[in-house]
Amino acid sequence: MITIELRGIWHRYPGISNWALKDISATFSSGKLILVSGHNGSGKTTLLKIAALLYRPWHGEIIVEGCNFWKMNEAEKIKIRRKITYVHEKPILLRGSVFENVAYSIRIRGVDRCDATEKAESIMEELELIKLSDKSAKELSAGQSQLVAIARALVADPELILLDEPFAHLDTRKSKLLSQALKVRRKNGVGIVFASHSRGKLPEDLEPDEVIVLEEGQIISKY
Amino acid sequence: MITIELRGIWHRYPGISNWALKDISATFSSGKLILVSGHNGSGKTTLLKIAALLYRPWHGEIIVEGCNFWKMNEAEKIKIRRKITYVHEKPILLRGSVFENVAYSIRIRGVDRCDATEKAESIMEELELIKLSDKSAKELSAGQSQLVAIARALVADPELILLDEPFAHLDTRKSKLLSQALKVRRKNGVGIVFASHSRGKLPEDLEPDEVIVLEEGQIISKY
Amino acid sequence: MSQLLSEVLDVTFRTLYISGLATVLSILWSLPAAYLLSFRQRAGLLEAVVESLVGIPTTLLGLLLFMLFSSSGILGFLKLLYTPQAILIGQSILVTPILISTSYRVLREVVSPYFELALSLGASKIQAMAMILRESVAGIIASIIMSFSRAVGELGVAMMVGGNIKGFTRVLTTAIALGVTRGEFEAAIILGVILLALTISTAIAVKVLMRLMRS
Amino acid sequence: MSQLLSEVLDVTFRTLYISGLATVLSILWSLPAAYLLSFRQRAGLLEAVVESLVGIPTTLLGLLLFMLFSSSGILGFLKLLYTPQAILIGQSILVTPILISTSYRVLREVVSPYFELALSLGASKIQAMAMILRESVAGIIASIIMSFSRAVGELGVAMMVGGNIKGFTRVLTTAIALGVTRGEFEAAIILGVILLALTISTAIAVKVLMRLMRS
Amino acid sequence: FSPFYEVRVRIFTTTSLYATGLLDYLADQFKKENPTVKLEYMAVGTGAALKYAEQGDACAVIVHAPSLEKQYLEKGVLEPGIIFAYNFFIIVGPKTDPAEISNLNNVIDAFKKIYSVGEASKTVFVSRGDNSGTHVKELDIWKRANLNPAGKSWYKEAAAGMEQTLVVANELQGYTLSDIGTYLKFKKQGRLPNLEILYANSTDLNIINIYSAYLVKKCLGEERKYAEFFIRFLENRQDIIGSFGLSEYGQSLFYPVKDKIQEVQALWVKLSAG
Ligand SMILES: Nc1ncnc2c1ncn2[C@@H]1O[C@H](COP(=O)(O)OP(=O)(O)OP(=O)(O)O)[C@@H](O)[C@H]1O
Ligand SMILES: Nc1ncnc2c1ncn2[C@@H]1O[C@H](COP(=O)(O)OP(=O)(O)OP(=O)(O)O)[C@@H](O)[C@H]1O
Ligand SMILES: [Mg+2]
Ligand SMILES: [Mg+2]
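Residue numbers (my numbering), protein chains in the order written: chain A, 6 to 228; chain B, 6 to 228; chain C, 178 to 392; chain D, 178 to 392; chain E, 619 to 892.
No lab work stands behind these hints: they were computed from the structure.
Glycine included, each C-beta is placed from N, C-alpha and C at the ideal position.
Check each hint, because a few of them may be wrong.
In silico lysine-lysine, DSBU-like type, Cα no more than 30 Å apart, as pairs [to be verified]:
#, chain 1, residue 1, chain 2, residue 2
1, B, Lys143, A, Lys95
2, A, Lys143, B, Lys95
3, B, Lys124, B, Lys140
4, A, Lys76, D, Lys302
5, B, Lys76, C, Lys302
6, A, Lys27, A, Lys82
7, C, Lys302, B, Lys95
8, D, Lys302, B, Lys143
9, C, Lys256, E, Lys740
10, B, Lys136, B, Lys192
11, B, Lys192, B, Lys82
To spell it out: a stretch of chain A is covered by chain D in this simulated footprint if at least three of its residues, at any positions, have a beta carbon under 8 Å from a beta carbon of chain D; those stretches are [to be verified]:
#, region
12, 7-18
13, 55-61
14, 109-120
15, 128-136
16, 174-184
Take these sequences, add in the hints, and give me the full structure.
Here it is as structure tokens:
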């Protein structure tokens, strides 16, 4: 169980005077599926990265497990970070094979080699990536790399997973596999957050618990 | 008027033994709208780059204006390249402002500063990018950069434009603007080639003249 | 006193002039070489060789050039020995490996996506090269500054083919070396401080200029 | 003859040992420094200073260290002067600027996306650093090779704080300088060839090793 | 190496002496008698050697510039030392000898001739300019000749060691003052095809070159003991010095002082007065 509560978040990028996010309050927690939507440039990516604890906001608080995240010490921070994963809009893969990429998130959690292999392989089966296992990450097509990045985030068994436009490059079959995989995890209490510019980009069988609509950095509606 | 004819193209990536494209023949020409579709990893991007004269195929010929492109001399090649633009799946922007990015394609064609500014501004009006004009390219969101990359390719008034998943990150409004812009150019005789994993990703008002379906590097159907 | 000052100024100016020109000269071949090298798929061996030459002992290079330029050498007829020109040539050769290696590292990251991008927008090969250089300009500038600093700071070449002749080929490093030989350590250190101030302020000036030009 | 050979081997081995260790020592602080520097937003000034120190005259550095280590210097009590340890320290300082500057250039490109990526997958700061180093390993290796080559090829420090003592602190460059002083140019050149062969083969060995380790 | 049973003795010496190989030769002989002692030579100019002595980094110095030596003796850096060898400076220059000094028998006249021919732009003179023993000697001769060539375009200050200066003189086809040892060594190696000895005169006391060895006051302990041994060795084994180079160059590079000690000492005193 994890809950990330954003309270009055303001954020801007260094050197830019405009606020990318203005006074955002929202709560993301285990078991819930939340869609963050809005036009291009409305602040979805920024919000997700703030919620994923990657950007430190200029103003406002992020309360995780009852405490202000950005005031925690390194050890506490890392304990929380281990429970959350985030998938970038433009996937960044590591040098090495697809397998190594997927296994990375488990390896850094100190899982032993044998278990790690098993887990990585099971997720690759689930997303039909097993054929690509030995391919070098540099040799993937756009859709393939997006899926590998997603697998790498899922394999860590996060309590909360944030996905930024995960379906942008996935074909119909891959999209189905992913929404299937997410549905299973949602049932098991994993919190899921999507960013997508319109509801229409989400597969129909993934019904969000809440939709947050952004416009120029502000939440204009929640339903 | 330009016609690019691929004859029996085979291509593979260096160091990889599998063929990414196998015996592809196809023709792309002015005034036609062609959709290249297929699953992730089926070879759409590779085919588009071959047709855009960016990759030199291992086997097969590319006939442009009656001659084998890859046997032309530098001067002839550049003459042809000036008539074609290609938009990458993952946009690559240049250092500098959005305006500088858009103006680049005209500037390298030797258009004088004044005309270039006018043209760049008119395309930015058309795609509603004018507000971003002075923004640095590094500061754009995913959808914004994709649109800038598209504007940069359109501004050169190509006779043939190839777009790799152009709608992947565009919101509904931006997608409409783009399909509108493309429709106008199609009427004026510009050839358009899309890559997209499914017909569904294309706005409904853009009816392709031909759909090429790829599967594991081969054309499995054309209609 | 004022004579000493004018001597120091003379040496400083000569250093700046010779090493600056040597760096510019070396750019003429090093950047194109780095550019070409960055297109190669398997450049590991060449890389290794060029990187190893970064530290080539200046005495060795100086000796080789001396043998070339000496009156009994192959290029003796050019009468270059013990002239500023000889130092210029020597230093431009000396900095070639560091200039190639460091700018190659920068270009390599940029070359493949941007070359393709340039072509995709209808650029010629020269325009593509210009784009690539522009995208990696910060790294290239750093590489040039390092090379200039290396040229200013080297001793062996200036000594062996320049001859450290007062008022003609004496540069800061040979003057420092002279101070050390004479046991005038304080003078040597003062010259050293001038040398560092010179390279540091040149470097800062270049970076500031770059920033201004960009905006 | 065989005595000469054993002397050459002795000097070669000592060079490899001292400069290799100096490079390793310098890595201990240079890589972390480059890593930290690569996070800074406005690093232009620091960059310029470090890049300018790349070519710091070895004679000057040698002189400064000499004054430090000399028995009347602050660190005189350590009795380091004219020992291989003194060269080791001097060279590790000498290569610091080139090691920082070149690895910084490489890290800078990688740091910001990969640090974020590492955190997004739950990595600790140390794991993030490991990821970043791993992603830029080719450039880091190049930077280390250049530094090693610089250490092997420098003369001033080895001469001033090593003293070029036969059988104890004589390294390849000081032996070359001695050859030049004695007019034994051929011997000097042969030693120079050995030196280059040494750095080139080390560089190639490292690159081959890297390739093997990756696959 | 085993630093545990060896005593290191740091001796700073002039480059010219080291480059001839005499010192290594002496060290080998010394080693036979004192196997646990390791002589470490640092070859630098006389000026620098004395400076190092002052800093306390040398245990003994071997130098050849009486006027400088005297200064450091007076400063209390050095202990009274010994003169162990001498030889004569020579003037070398182009075969054509434009200043026609080869038939002169006084070095001051020779310098005067060079000066006037230099003023006529017909030749150049290359100076060490590095505050070494040889440089001090050269300046001394100019002074005696009442001339000041500093700043003249034909007077090249190629501030460097003797070897480099000879090489420069060879290339520029100019005159220079040299010690005999370095010249012969380089000549024999074929490095100096354009240079000949144009003035050598073992009766001209103005060009005598006196080598002395000193113990440095700050040097203490074991090292001092063996440094003293070595200086004693230099004093007592003059036969070695006299015969060094005979077989290779056909002439002695250094003359032992043993038989002429009074005479040479008197000269030293005269020279040190400047
Ligand atoms: N690195 C950056 N530096 C400066 N400004 C940025 C940066 N990234 C985004 N911005 C700006 O912040 C605002 C919000 O961007 P964000 O990426 O969050 O939008 P988004 O909703 O994810 O858009 P898209 O649907 O296009 O991905 C935009 O105005 C954008 O221009
Ligand atoms: N740079 C590369 N090096 C090696 N192999 C590559 C490279 N790029 C693509 N491939 C391989 O070539 C095949 C075709 O890839 P391509 O990118 O053309 O697919 P695509 O149809 O565009 O897929 P997507 O819908 O995911 O973009 C795939 O199997 C892919 O793994
Ligand atoms: Mg976004
Ligand atoms: Mg693709």
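Evaluated hints:
1. B:Lys143 x A:Lys95: Roughly 14 Å separates the two Cα atoms, so the pair holds.
2. A:Lys143 x B:Lys95: holds, 14 Å
3. B:Lys124 x B:Lys140: Given pair Lys124 of chain B, Lys140 of chain B holds - Cα atoms ~18 Å apart, limit 30 Å.
4. A:Lys76 x D:Lys302: holds, 16 Å
5. B:Lys76 x C:Lys302: Holds, at about 16 Å.
6. A:Lys27 x A:Lys82: With a Cα-Cα distance of about 25 Å, the restraint between Lys27 of chain A and Lys82 of chain A holds, given a limit of 30 Å.
7. C:Lys302 x B:Lys95: OK: Lys302 of chain C and Lys95 of chain B at ~22 Å, within 30 Å.
8. D:Lys302 x B:Lys143: holds, 26 Å
9. C:Lys256 x E:Lys740: Cα-Cα ~18 Å, so holds.
10. B:Lys136 x B:Lys192: Measuring from Cα to Cα gives roughly 28 Å; hence the hint holds.
11. B:Lys192 x B:Lys82: holds, 27 Å
12. 7-18: Violated - the region 7-18 of chain A has 0 residues with a Cβ nearer than 8 Å to chain D, which falls short of three.
13. 55-61: holds (count 3)
14. 109-120: holds (count 4)
15. 128-136: With 0 residues closer than 8 Å to chain D, the region 128-136 of chain A misses the three-residue bar; violated.
16. 174-184: violated (count 0)
In this structure, the hints that do not hold are numbers 12, 15, 16, in rising order.
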